[in-house]
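Engineer: Following the hints, put chain B in place on chain A, whose structure we already have.
So the sequences go chain by chain: A and B.
Under this note's numbering, the residue at position 78 of the first sequence is numbered 78, and the numbers go up by one with no gaps.
Under this note's numbering, the residue at position 40 of the second sequence is numbered 40, and the numbers go up by one with no gaps.
Simulated from the structure, these hints should not be mistaken for lab results.
Quick reminder that beta carbons are idealized off the backbone N, C-alpha and C, glycines included.
Wrong hints could be hidden among the right ones.
[What the hints assert, rightly or not] Only part of the chain A face toward chain B is listed, based on derived beta-carbon distances under 7 Å: (1) S36; (2) A123; (3) S126; (4) G216; (5) V229.
[Claimed, not checked] Selected chain B positions facing chain A (in silico; Cβ < 10 Å): (6) M1; (7) V20; (8) K22; (9) P210; (10) I213.
Chain by chain, the residues run as shown.
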Amino acid sequence: MGKELIYLDYAATAPLAETAKTAMADGFALVGNPSSVHRAGRAARDAISKVREQLAAALGTTPGQVVFTSGGTEANALALTQVPQSKRYVSAIEHEAVLSWTLPAYHLPVTAHGIIDLEGAQARLSSWEPGLVSLMLVNNATGIIQPVTALAEIAHAHGHLVHCDGVQAFGKVPIDIATLGADFLTVSAHKIGGPKGIGALIVKDGFALTALLQGGGQERRRRPGTENVLGILGFGGALEAIGDYAGSAHYDALQASIETHVGAAHVAGSASSRVPHILSVRMAGVKNQLQLMRFDLAGLCVSAGSACSSGKVAGNHVLEVMGLGESAEEYIRLSFGPSTTSRHIAQFLSVWDDIRASQKAAA
Amino acid sequence: MRIKNAIYMDYQSTTPLDPVAKAAMLPFMEDKFGNPHSSSHRFGWEAEAAVDVARGQVASVLDVDPAHLFFTSGATESNNMAIKGLALGHLQRPGTIITLASEHSCVLESVRAAQTFGHVPEIVPIQPNGLVDLGALEAALTTDVFLVSVMAVNNEIGTIQPLEKIASLLKPRGILLHCDAAQAYGKVPVDTLAQHCDLISLSAHKIYGPKGIGALYVSAEAQRHMSPHMSGGGQEGHLRSGTLAPALCAGFGAAAQIAAEKLEGEQTRAQRHFEMLLAGLDAMPGDYVLNGCADTRLKSNVNVSFHGTDSARLMANVRRLAVSSGAACASAKEGPSYVLEALGVPPALAEASLRIGTGRFTDDSQVSDALGYIEDALAKSRKRSWSQ
Numbered sequence: 001m002g003k004e005l006i007y008l009d010y011a012a013t014a015p016l017a018e019t020a021k022t023a024m025a026d027g028f029a030l031v032g033n034p035s036s037v038h039r040a041g042r043a044a045r046d047a048i049s050k051v052r053e054q055l056a057a058a059l060g061t062t063p064g065q066v067v068f069t070s071g072g073t074e075a076n077a078l079a080l081t082q083v084p085q086s087k088r089y090v091s092a093i094e095h096e097a098v099l100s101w102t103l104p105a106y107h108l109p110v111t112a113h114g115i116i117d118l119e120g121a122q123a124r125l126s127s128w129e130p131g132l133v134s135l136m137l138v139n140n141a142t143g144i145i146q147p148v149t150a151l152a153e154i155a156h157a158h159g160h161l162v163h164c165d166g167v168q169a170f171g172k173v174p175i176d177i178a179t180l181g182a183d184f185l186t187v188s189a190h191k192i193g194g195p196k197g198i199g200a201l202i203v204k205d206g207f208a209l210t211a212l213l214q215g216g217g218q219e220r221r222r223r224p225g226t227e228n229v230l231g232i233l234g235f236g237g238a239l240e241a242i243g244d245y246a247g248s249a250h251y252d253a254l255q256a257s258i259e260t261h262v263g264a265a266h267v268a269g270s271a272s273s274r275v276p277h278i279l280s281v282r283m284a285g286v287k288n289q290l291q292l293m294r295f296d297l298a299g300l301c302v303s304a305g306s307a308c309s310s311g312k313v314a315g316n317h318v319l320e321v322m323g324l325g326e327s328a329e330e331y332i333r334l335s336f337g338p339s340t341t342s343r344h345i346a347q348f349l350s351v352w353d354d355i356r357a358s359q360k361a362a363a
Numbered sequence: 001m002r003i004k005n006a007i008y009m010d011y012q013s014t015t016p017l018d019p020v021a022k023a024a025m026l027p028f029m030e031d032k033f034g035n036p037h038s039s040s041h042r043f044g045w046e047a048e049a050a051v052d053v054a055r056g057q058v059a060s061v062l063d064v065d066p067a068h069l070f071f072t073s074g075a076t077e078s079n080n081m082a083i084k085g086l087a088l089g090h091l092q093r094p095g096t097i098i099t100l101a102s103e104h105s106c107v108l109e110s111v112r113a114a115q116t117f118g119h120v121p122e123i124v125p126i127q128p129n130g131l132v133d134l135g136a137l138e139a140a141l142t143t144d145v146f147l148v149s150v151m152a153v154n155n156e157i158g159t160i161q162p163l164e165k166i167a168s169l170l171k172p173r174g175i176l177l178h179c180d181a182a183q184a185y186g187k188v189p190v191d192t193l194a195q196h197c198d199l200i201s202l203s204a205h206k207i208y209g210p211k212g213i214g215a216l217y218v219s220a221e222a223q224r225h226m227s228p229h230m231s232g233g234g235q236e237g238h239l240r241s242g243t244l245a246p247a248l249c250a251g252f253g254a255a256a257q258i259a260a261e262k263l264e265g266e267q268t269r270a271q272r273h274f275e276m277l278l279a280g281l282d283a284m285p286g287d288y289v290l291n292g293c294a295d296t297r298l299k300s301n302v303n304v305s306f307h308g309t310d311s312a313r314l315m316a317n318v319r320r321l322a323v324s325s326g327a328a329c330a331s332a333k334e335g336p337s338y339v340l341e342a343l344g345v346p347p348a349l350a351e352a353s354l355r356i357g358t359g360r361f362t363d364d365s366q367v368s369d370a371l372g373y374i375e376d377a378l379a380k381s382r383k384r385s386w387s388q
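In isolation and in its complexed conformation, chain A is listed as follows (with noise of 0.2 Å):
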């Protein structure tokens, strides 16, 4: 210990933005419980519905839709079970906290560049009886940017409800609810500088809301459950500092580094539109197993895909929709924040060619 650990695992989870901290210290004082008459319960009340009506502003929606969640795993499920399971249709790249409810024979086609297919989407949407549609806005494996206000446009077209998994977009591509088209979207807190523990649905006005848990009237009955105001504060405190998650130069250059080190075609979906804070790598010839062991070695935290059920390589599933299946187990996944600095780029690339040439040598 003691050498700088560069984390390079953001998409996984991020350090809490210093507003966020700022918040939940005031939260710390915060005694009552929100649903309490007395001025106590009333403090702790006031103080979520400040945060509702940030989040709100900040997807051009107003406080009414939003639902506060335990992260973005409820507001998935939430969405996705207003229908029944056979009326799910979701692409076939989704984070596994969606594909876990639906049907494979349901499964949206996906092209080799790892963006749905409009077309067989169109053709199957057609004929499916009117469901609910399910669409990440950005992949937490590759960073590409998913259309799903044209695949909303398709869906609503045949009647079809739509929701949209944006926990890994939030904050890094700008969301107005209105353009996205999604009567549903999924947000989450701690991929932005937030708590873990706290998320979001965002539901369109007037849809009468089927609760997933059964209990008392908090969130208007569509989540009971007493809140977890602290989370929800440093919720809001992470919204003031969104701006350092949004799509700059600075993102753009640290990926463009990586890609021309590496080379375009070890770049899972490298053709395609994505965010420069996520990208798939791959090392040939070596598997990503050994890669994360060299990497945490040498100090740098990168993975091989979701971090979900310990031990299980998740994600994988998405290289294989896109026909990289063969190869899947040589990728490993790098995302950024604001923390991240060109020096651990660079750092990173250099462990990454002391990588290859070892196992050059050793083969």
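Structural biologist: Then chain B, alone, in the frame of chain A:
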């Protein structure tokens, strides 16, 4: 504890975060920010280790194997996960789920929701003292009953249910017992609870931990019959997916440990304040009734109904005392409490109720002052109702 000149006596609704629990959370809001499910680097391992420590601390109070304890977003989710998880697990064999009329709304509604899976919800009445009517419960145990849900300590009236006796009716019949222990854990001894119950719901914010985290203990036997509650990344043994929050877990773990250490002292304090409150109320003009059994109850809960006034007048006049007229999650709801209704308290009397909750930061002077506020409020509100 006094907040802005008001005395906080709503400890059943929520509790202030203990400074030790807060201190336990802080490192995970700073440099230890990893995702506990990141398996490829130190930030992840460090966070996972913290979650494991917290899981051990929470499990230790119940004296159960941490491997059977699953973190959730709170007791509401735990109760939903237990009841609906088993209801889903029994899809092929529709049966009956029993609970008591005085249970928390999330339990009652989860049991009723099991109807959509083809099950029959059965709500068993309780005795006027708030305790289970064992005869009525036994009579309801038809052969198709597969789950009974009974809370350890009632959230509104504090009564403690005889879970050992209930379990002795259920075990020979092979019926699972779920227990909502949100109000019991850390406040009464619960180290033998898992010997009687197959599933136990817990909450952190009732024991001076943070809001937004709870847990569900699931016995190996119960887990065999359970369907996942939240699918996704497969966290928490595939029963409850979603990224865990190490800060919340650590706060819960520390709070659990402190609660266990302070249990005896707290029980003594609660008993003293219970006696002070009742003696003070006895000395006031006018009549009141203590709701729920006076002996078999959590002594930090004093739920009383006053004759000659109503809740709106009473609450309007006790502004310097943060108390509630029932469960917080029902606060916005009009009408008398369904729990008091289940006890047979007449609606007019039930409407004039206060739940006075004492806790770790309550001292004798606060109790004396609270009594003074209540006496003043009663005098004002009764005068107004008489003059009308």
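Engineer: Against this structure, judge whether each hint is valid.
Structural biologist: Tested hints:
1. S36: This interface hint holds because 5 Å falls under the 7 Å limit.
2. A123: violated, 28 Å
3. S126: violated, 28 Å
4. G216: Holds, because the Cβ-Cβ distance from A/G216 to chain B comes to roughly 3 Å (cut-off 7 Å).
5. V229: holds, 5 Å
6. M1: holds, 7 Å
7. V20: violated, 13 Å
8. K22: Hint on B/K22: holds, closest Cβ of chain A at ~6 Å, below 10 Å.
9. P210: holds, 6 Å
10. I213: Holds - the Cβ of B/I213 comes within 10 Å of chain A, reaching about 7 Å at its closest.
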